[in-house]
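All chains, full assembly: derive it from the sequences and hints.
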Amino acid sequence: MAIITVKKHTVKKALSMGFEKVLDDRGYDSGAYYVKDGKKWIFDIVALKQKQGATSDDELKILGYDVDTYNLVKNESNELAELYQDIAVEDGEPMYLEGGVYLYPDGSIR
Numbered sequence: 001m002a003i004i005t006v007k008k009h010t011v012k013k014a015l016s017m018g019f020e021k022v023l024d025d026r027g028y029d030s031g032a033y034y035v036k037d038g039k040k041w042i043f044d045i046v047a048l049k050q051k052q053g054a055t056s057d058d059e060l061k062i063l064g065y066d067v068d069t070y071n072l073v074k075n076e077s078n079e080l081a082e083l084y085q086d087i088a089v090e091d092g093e094p095m096y097l098e099g100g101v102y103l104y105p106d107g108s109i110r
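The UniProt record's numbering puts the first residue of the sequence shown at 1, with every later residue one more than the last.
Since the hints were derived computationally from the structure, they do not count as laboratory data. On a predicted model such as this, the values are computed, not experimentally measured, just so you know. Please note that a few of the clues may not be correct.
As the list claims (entries may be wrong) - Only pairs whose alpha carbons sit at most 30 Å apart, straight line, appear in this in silico DSSO-like list of lysine-lysine:
(1) Lys39 <-> Lys61
(2) Lys7 <-> Lys49
(3) Lys74 <-> Lys8
(4) Lys51 <-> Lys12
Quick look at the structure:
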């Protein structure tokens with residue numbers, strides 16, 4: 001059994017917030033990173049700190065990462081995820097709601 005979680009720091013979210021794709025073999029997303037106003041999008045701040053050897057958000061800011069936007073997205077309310085947060089389903093399996101509609105592990109309803 002798994003609790004449904006929804007990733008917030010996605011490529012789709014970065015693009016919707018005006019970040020632009022920059023091709024780079026060292027990029028987190030299959031050879032690309034995303035930038036806006038000279039700052040890089042953060043997908044996973046814990047992993048990024050480990051990779052960069054950083055111990056604070058300020059160190060990441062100095063390296064050109066958009067920590068403020070990361071925290072803004074992190075603290076955004078996801079009403080759908082909150083509504084169903086206590087529902088446990090088998091790993092990777094959708095849950096039937098009603099009327100032929102399923103709730104998928106990524107938080108989408110179809």
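Exercise for the section: Against the earlier hints, flag every one the structure doesn't satisfy and list their numbers going up. Expected result: Failing hints: none at all.
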